[in-house]
Amino acid sequence: MRDLAVLFKGNNLQRLLGGLGVTLELSLVSVALSIVLGLLAGVLMTLKNPVVRAVMRLWLETVRIVPQLVLLFLVYFGMAKTFNLQLSGEAAAVIVFTFWGAGEMGDLVRGAITSIPVHQRESSAALGLTRGQTWRFVLLPQAARRLIPQAINLTTRMIKTTSLVMLIGVVEVLKVGSQIIDAARYDAPQGAVWVYGAVFFLYFFACWPISLAAGWLEKRWA
Amino acid sequence: MKKIFALIIALILTLSLITAASADAQARTLDEIKESGKLVIGVFSDKKPFGYVDEYGEYQGYDVYFARRLAEDLGVELELVSVDAPNRVEYLTSAKVDIILANFTVTPERAEVVDFALPYMKVALGVVSPDAALITSVEDLRGKTLIVSKGTTAETWFTANEPDVNLLKFDTYTETFNALLDGRGDALSTDNTEVLAWAIENPGFTVGIESLGSLDTIAPAVQKGNDTVLAYINEEIQKLAEEQFFHADYDATLKDVYGDAVDPDNLVVEGGVVE
Numbered sequence: 281m282r283d284l285a286v287l288f289k290g291n292n293l294q295r296l297l298g299g300l301g302v303t304l305e306l307s308l309v310s311v312a313l314s315i316v317l318g319l320l321a322g323v324l325m326t327l328k329n330p331v332v333r334a335v336m337r338l339w340l341e342t343v344r345i346v347p348q349l350v351l352l353f354l355v356y357f358g359m360a361k362t363f364n365l366q367l368s369g370e371a372a373a374v375i376v377f378t379f380w381g382a383g384e385m386g387d388l389v390r391g392a393i394t395s396i397p398v399h400q401r402e403s404s405a406a407l408g409l410t411r412g413q414t415w416r417f418v419l420l421p422q423a424a425r426r427l428i429p430q431a432i433n434l435t436t437r438m439i440k441t442t443s444l445v446m447l448i449g450v451v452e453v454l455k456v457g458s459q460i461i462d463a464a465r466y467d468a469p470q471g472a473v474w475v476y477g478a479v480f481f482l483y484f485f486a487c488w489p490i491s492l493a494a495g496w497l498e499k500r501w502a
Numbered sequence: 101m102k103k104i105f106a107l108i109i110a111l112i113l114t115l116s117l118i119t120a121a122s123a124d125a126q127a128r129t130l131d132e133i134k135e136s137g138k139l140v141i142g143v144f145s146d147k148k149p150f151g152y153v154d155e156y157g158e159y160q161g162y163d164v165y166f167a168r169r170l171a172e173d174l175g176v177e178l179e180l181v182s183v184d185a186p187n188r189v190e191y192l193t194s195a196k197v198d199i200i201l202a203n204f205t206v207t208p209e210r211a212e213v214v215d216f217a218l219p220y221m222k223v224a225l226g227v228v229s230p231d232a233a234l235i236t237s238v239e240d241l242r243g244k245t246l247i248v249s250k251g252t253t254a255e256t257w258f259t260a261n262e263p264d265v266n267l268l269k270f271d272t273y274t275e276t277f278n279a280l281l282d283g284r285g286d287a288l289s290t291d292n293t294e295v296l297a298w299a300i301e302n303p304g305f306t307v308g309i310e311s312l313g314s315l316d317t318i319a320p321a322v323q324k325g326n327d328t329v330l331a332y333i334n335e336e337i338q339k340l341a342e343e344q345f346f347h348a349d350y351d352a353t354l355k356d357v358y359g360d361a362v363d364p365d366n367l368v369v370e371g372g373v374v375e
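Heads up: the sequence lines are chains W and D, in that order.
Quick note on our numbering: the first sequence kicks off at 281 and runs consecutively.
Quick note on our numbering: the second sequence kicks off at 101 and runs consecutively.
Careful: at least some of the hints might be erroneous.
[As the list claims (entries may be wrong)] Taking lysine-lysine pairs in the DSSO-like style, the calculated list, with each CA pair at most 30 Å apart, reads: (1) D:324 x D:250; (2) W:289 x D:355; (3) D:250 x W:440; (4) D:250 x D:355; (5) W:499 x W:440; (6) D:324 x D:138.
[What the hints assert, rightly or not] Covered stretches of chain D, as calculated for chain W (at least 3 residues, CB under 8 Å): (7) 143-152; (8) 178-190; (9) 193-203.
Derived by calculation from the structure, the hints in this document are not laboratory data.
Here a beta-carbon is modelled for each residue, glycine too, at the ideal position from N, C-alpha and C.
Assemble the whole structure, with the sequences as input and the hints as a guide.
Quick look at the structure:
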């Protein structure tokens, strides 16, 4: 219990919140880009064109098979070594998480679109809707509803995975946590429990509202 | 951890293949650093007392103290970058930092990929054990259980030189020290700097063997071939010997941790000369 004080020593609490800010900024920018690009990618993935399909397939398999840490290293260190392109850790992180998120989101969008019964498309055609109108008024609104649970899942997964960016020098909430634990390792040897506990709550309160919003949207649209 | 480590190794191999076929990222020369007005140094941010961030968010520690002096004497600003043990080499080869000052132990393998300057510290292995059954020599350890962390010099040294010592291995430092507290082994071995600091905080335990195995040195590192920066660091280290800079550094950063139990001359290297 005594070691709980480590959380309030100096600016530690502000530092943790600052770290959470970095985590949220990186993940929200990446998530926003992923949603926009993912919607586009998802529509492309439903196309029958073999070239488009092959490219999309390759992209999706890459983000599924290659661990995010390797992608981060490739973009952060690899780009510098190969093309002498010096990206900041933050930029590398957004590139990698968007590449990953948009690929996965695309697959979710594709799944949601193809799950809509074919008679919906046929009925729209029978009513004289154009292709654009069919997408806009019939297919996408229905697909969006089916998409929400998985998209939220992906979003929270992305928020949590941003902890990997500490390995390319970006100091986010978990790294701040380990810095605090280490700086207090002689004065507060049991501090780890409290610091990790605090980090747990920070992640929880970052992800929980997203889950709540998703639940609300699902109910409202169902 | 193991998985991550394997990945990193695989990655480094891939990267070096890519690199072999292309133009390298060139580290900045001393003139370029002066011109930019900023020296970029990679340090640990969670390895007290060598490189860590205090409760006010300021970098501190033995390595950081030296980093500040390097920038000051060059007349430029200092930018510190948080690095971790597995990616220290990458930061240099990809020219993300000018210098690595992250408790970097000099080994022949590392010397093939980076250039080490003169050493500013030395370490050997230490063995800590409970006072009730204090272990004071390697002979005492034979047939007993010694706790080590995977991938450390302690693991390598005991495996190669003392096959009769039973090793109990863990992934992280925290686990190894907890195992000793729980009595799951007779003693624990890792860098002497670590065990000495730990024993002071944990009454009932004493470092019975203070220096064991080969003496390793710790030195700043620069990208291979970055001779101007390397020369600057070496000049600094030699020049600073006059004022016993690293003893002052020890007093400012390490003394609180090791107390009077440790002779600074067992750890500190002045002027790059290891006697």
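Here is how each hint holds up against the structure:
1. Between the alpha carbons of residue 324 (chain D) and residue 250 (chain D) the distance comes to roughly 28 Å, so the proposed pair stays at or under 30 Å and holds.
2. At most 30 Å may separate the alpha-carbon atoms for a hinted pair to count; residue 289 (chain W) and residue 355 (chain D) meet this at roughly 22 Å.
3. A C-alpha spacing of about 27 Å is found between residue 250 (chain D) and residue 440 (chain W), which places the hinted pair at or below 30 Å, so the restraint holds.
4. For the given pair, residue 250 (chain D) sits about 28 Å from residue 355 (chain D) by alpha-carbon distance, which is consistent with the 30 Å threshold.
5. At roughly 26 Å between alpha-carbon atoms, residue 499 (chain W) and residue 440 (chain W) fall within 30 Å of each other, so this suggested pair holds.
6. For a cut-off of 30 Å, the pair hint linking residue 324 (chain D) to residue 138 (chain D) stands: about 21 Å separates their Cα positions.
7. With 5 residues having a Cβ less than 8 Å from any Cβ of chain W, the segment 143-152 of chain D passes the three-residue criterion, so the hint holds.
8. Residues of the segment 178-190 of chain D with a Cβ under 8 Å from some Cβ of chain W number 7, which satisfies the need for three, so the listed coverage holds.
9. With a threshold of 8 Å between beta carbons, the proposed coverage of the segment 193-203 of chain D by chain W holds, since 4 of its residues qualify and at least three are required.
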